[in-house]
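Could you build the full structure based on these sequences and the hints that come with them?
Line order of the protein sequences matches chains A and B. Counting along the first sequence from 1, when you hit position 435 you're at 435 in the UniProt record's numbering, and nothing is skipped either side. Counting along the second sequence from 1, when you hit position 186 you're at 186 in the UniProt record's numbering, and nothing is skipped either side.
By construction, these hints were calculated from the structure, which means they are not laboratory data. There could be a bad hint or two in this list.
[Claimed, not checked] Chain A regions said to be covered by chain B (calculated; three or more residues, Cβ under 8 Å): (1) 196 to 210; (2) 377 to 386.
[To be verified] Simulated pairs of lysine-lysine, DSBU-like, Cα-Cα distance not exceeding 30 Å: (3) A:K41 / A:K312; (4) A:K313 / A:K41; (5) A:K143 / B:K198; (6) B:K206 / A:K455; (7) A:K322 / A:K312; (8) A:K322 / A:K455; (9) B:K198 / A:K455.
From the three backbone atoms N, C-alpha and C, an ideal C-beta is built for every residue, glycine too.
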Amino acid sequence: MSEFDPNEHTVDELDDHLETVDDEDVLQTILEAEQAGQDRKTAREAVHRRLEAIGAIDDDRDGVEEGTETEGEYEATKEDVGEEADGEDVDDVEAGDGEEADADDGDEEAVSDESEDADDGTDDDASAEEEDDGLSQPTRDKKHVRALDGGDYADMWVFCETQQGELLEVSQEMLGKARELMDGFEAEYGDDERVVAFLMGDDCEELAEECIAYGADVAVYHDDERLERFLHKPYTEISAHMARGQGTVESTDWRDYDEPRYILFPATNNGRDLSAKVQAELDSGLASDCSDLFIQEEEVSNPVKTGEPGVKKTFEKVLHMKRPDFSGFEYSTILCLDNPSRDFHPQGASIIPGSFEPIERDDDRDGLVIEHDMDLEDDWFRVEITEYDQLEAGIDLTDHDVIVCLGRGIADDPTEGMELGLDLVDAFEDAKLGITRGIVTSSYQFEGHVEEYAKEERQIGETGQVVAPDLYIAAGVSGAVQHKVGMDESDTIVAINTDTDARIRDFSDYFVEGDLFEVLPRLTDVVESGEMTPEAIADGRGGDDE
Amino acid sequence: MRSIALTKGVPDFSEGAVSFNEEGHLERGKTPTVMNPNDAFALEAALQTRVRHGGHVSAMSMGPPGYASVLEEAMESVYADDTYLLSDRELAASDTWATAITLSAGLEKYQEEVGDIDLVFAGFKTADGETGQTGPQTSWAMDWPIVTHVIALDIDPDERILRAKRLVEGDVDEIETVEAPLPCFVVTDPEFEPRYRKASHRLTHKRLRAETQRRADDHEEQLTTWDHEALNLDPDYIGLDGSPTIVSSVDPIPKAPSEREATMIDFDDGEAMGEVLEEMQPYAAGGD
Numbered sequence: 001m002s003e004f005d006p007n008e009h010t011v012d013e014l015d016d017h018l019e020t021v022d023d024e025d026v027l028q029t030i031l032e033a034e035q036a037g038q039d040r041k042t043a044r045e046a047v048h049r050r051l052e053a054i055g056a057i058d059d060d061r062d063g064v065e066e067g068t069e070t071e072g073e074y075e076a077t078k079e080d081v082g083e084e085a086d087g088e089d090v091d092d093v094e095a096g097d098g099e100e101a102d103a104d105d106g107d108e109e110a111v112s113d114e115s116e117d118a119d120d121g122t123d124d125d126a127s128a129e130e131e132d133d134g135l136s137q138p139t140r141d142k143k144h145v146r147a148l149d150g151g152d153y154a155d156m157w158v159f160c161e162t163q164q165g166e167l168l169e170v171s172q173e174m175l176g177k178a179r180e181l182m183d184g185f186e187a188e189y190g191d192d193e194r195v196v197a198f199l200m201g202d203d204c205e206e207l208a209e210e211c212i213a214y215g216a217d218v219a220v221y222h223d224d225e226r227l228e229r230f231l232h233k234p235y236t237e238i239s240a241h242m243a244r245g246q247g248t249v250e251s252t253d254w255r256d257y258d259e260p261r262y263i264l265f266p267a268t269n270n271g272r273d274l275s276a277k278v279q280a281e282l283d284s285g286l287a288s289d290c291s292d293l294f295i296q297e298e299e300v301s302n303p304v305k306t307g308e309p310g311v312k313k314t315f316e317k318v319l320h321m322k323r324p325d326f327s328g329f330e331y332s333t334i335l336c337l338d339n340p341s342r343d344f345h346p347q348g349a350s351i352i353p354g355s356f357e358p359i360e361r362d363d364d365r366d367g368l369v370i371e372h373d374m375d376l377e378d379d380w381f382r383v384e385i386t387e388y389d390q391l392e393a394g395i396d397l398t399d400h401d402v403i404v405c406l407g408r409g410i411a412d413d414p415t416e417g418m419e420l421g422l423d424l425v426d427a428f429e430d431a432k433l434g435i436t437r438g439i440v441t442s443s444y445q446f447e448g449h450v451e452e453y454a455k456e457e458r459q460i461g462e463t464g465q466v467v468a469p470d471l472y473i474a475a476g477v478s479g480a481v482q483h484k485v486g487m488d489e490s491d492t493i494v495a496i497n498t499d500t501d502a503r504i505r506d507f508s509d510y511f512v513e514g515d516l517f518e519v520l521p522r523l524t525d526v527v528e529s530g531e532m533t534p535e536a537i538a539d540g541r542g543g544d545d546e
Numbered sequence: 001m002r003s004i005a006l007t008k009g010v011p012d013f014s015e016g017a018v019s020f021n022e023e024g025h026l027e028r029g030k031t032p033t034v035m036n037p038n039d040a041f042a043l044e045a046a047l048q049t050r051v052r053h054g055g056h057v058s059a060m061s062m063g064p065p066g067y068a069s070v071l072e073e074a075m076e077s078v079y080a081d082d083t084y085l086l087s088d089r090e091l092a093a094s095d096t097w098a099t100a101i102t103l104s105a106g107l108e109k110y111q112e113e114v115g116d117i118d119l120v121f122a123g124f125k126t127a128d129g130e131t132g133q134t135g136p137q138t139s140w141a142m143d144w145p146i147v148t149h150v151i152a153l154d155i156d157p158d159e160r161i162l163r164a165k166r167l168v169e170g171d172v173d174e175i176e177t178v179e180a181p182l183p184c185f186v187v188t189d190p191e192f193e194p195r196y197r198k199a200s201h202r203l204t205h206k207r208l209r210a211e212t213q214r215r216a217d218d219h220e221e222q223l224t225t226w227d228h229e230a231l232n233l234d235p236d237y238i239g240l241d242g243s244p245t246i247v248s249s250v251d252p253i254p255k256a257p258s259e260r261e262a263t264m265i266d267f268d269d270g271e272a273m274g275e276v277l278e279e280m281q282p283y284a285a286g287g288d
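This is how it looks when you write it as structure tokens:
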């Protein structure tokens, strides 16, 4: 969150930077960022020195962090655990009982007391002004906190989204992946945990059976004519009710746990919304737009999760949720882990359509289909769908001879760059314009009709369309892997780029070293002229020779 | 109508300034912070509401003190009357659950101290986290209805309802028309386009811009900052402590092994270009 992220710098660089900072809050933010990141002892000491230097803390108190614990414990911890684990002495160790700590303005608040001298001692006054019940119950009675402590969890649940009376393809894909993961789970841990599909709609029992055919062991469904189309409130309420094991019409013999261990949703417009709401309601976490999943143990030293600084804790059976991050240059692996007195289960993910393969449909597969029962309150239907229409199919970039794809090389003049790309497209018999994710996520200001072409529907890559034309021309495309998977089956790939180190070079047949703003117009001239001679391109006059 | 536009600062990926350190990690610290590009659509929707129906628009964000500049940017584009920043060390490293709780506390405090909110506008996904969860989770915490992926919006202030068109993705794409009661959350889709059909709307738009320009000079006077104590939030349930998820690793997407041997072509070398052109010839329009 800090504008200066210490994790991006060496301690020496950090030290230099700190010399320029006189604001205690800024220093504290840097310290937190360090603790949340690399947590280097030397880096923390550097911040402490600076805090002392600006008079924010007393030398003999030895830094802000220890305000959280008794000095004795702190010292012992520090010496006992040695250098590696030594970094964990942040001010959050007593997760779970901070409520009380706050009430008597306890340990944890020591830090802010120091840093907010002006407010110090006026806390009570300030809180008295609140209409809320003051410091004794901050966060308003924890009204949003639903998490269990020490609950039982099992099975992988999969929300099977439907549309027009059919399972979405991504629902089938998730069931296939869940099948594979839970088969692996059984082999690894010896526990036979299941794939549980859950779905809702108008008359969806048959779809529940279809979920079994696609790999589910159990399918829980809720039928109601008002659920024909997705609605945030009732879908959330029903999903949470199902997950908690309530409302099972037949016996509940099939499950003996509090909540699912894992839960998957499709990363579609409605699936993402539902994932966010259900996980909020179940008070757990979520990694969105994932493209890979695996289950393994994970050793963690983050004290928020271990409950104790300097101690490493191994979490078993952790769902590792991998998602392409930022502009497609990195993958992040997200974990949803219990805090010491607050369980974060189910571990949730939303899944990019097309990431996984469904298993072959087998209508003879055995499985348990369970109807779910719950009274749906009228109030949940205050948002009303009055009309709906199917949209014309979007832009289809597949099945064309040629694709001209533009990347961030157009940054100098995005509108002009797009125009040049479109000109080249027009010069071909059967070509379409594609763009990289970098352009979709950019804040380029396109003028005029060009803006039409800068939309997600033209994106090529892992999260866009996958194309394999005869000829692929990539102009100003750096070649992130997420882009590569969308085009590397093309027959001939021609890259146009000024940077000969660009990754795309490794998967191009021709690499034209040059600025697309110069290369594209001349290519267009030549292609338009039909006079594909070296002379034509070299003199840049296209077909004028004729 | 009283609206809140939620916005967030993100690293500016648009400058092509994305650089990598030796380990191949993105150097975020070196990237300037700008307003999340997708929030522009939420701000447009808030502005449209203001122009058509009058009222008040506040912009709200959560982040370090430096985010005041993001709010300033938001103020200029939405012509916000005032801005609110939820900022506190305790909020650092919040994931979406903790963010939603904090934002809902901010909205509730706003209702207590400033006025009743009719509409909360949020963008879809941020350019850095891209989770798309904040709007839905904040509406959950408020227990308000929400309409997402909105591409067109009409408000009926008398009936106190909104009518919106929203995009539904699936194996086929659909457009739904929905009606929802106020107060309500609106999450705009990047396809959202404001419409100002009446001349009076366009005049109002112009007047607001002039007013905002005067205000923007001293935007700090319109900025209110609330910390976790002002928001009455327990530090154990916000920030890093209150976040279910952690990022266990960030891996540069590996450089793929070279699969094709690229022929390097100097653009000015006609001979070499001839080879490329031969590849293109069969596909030229009109030519065979």
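Violating hint indices (sorted, rising)
1 and 5
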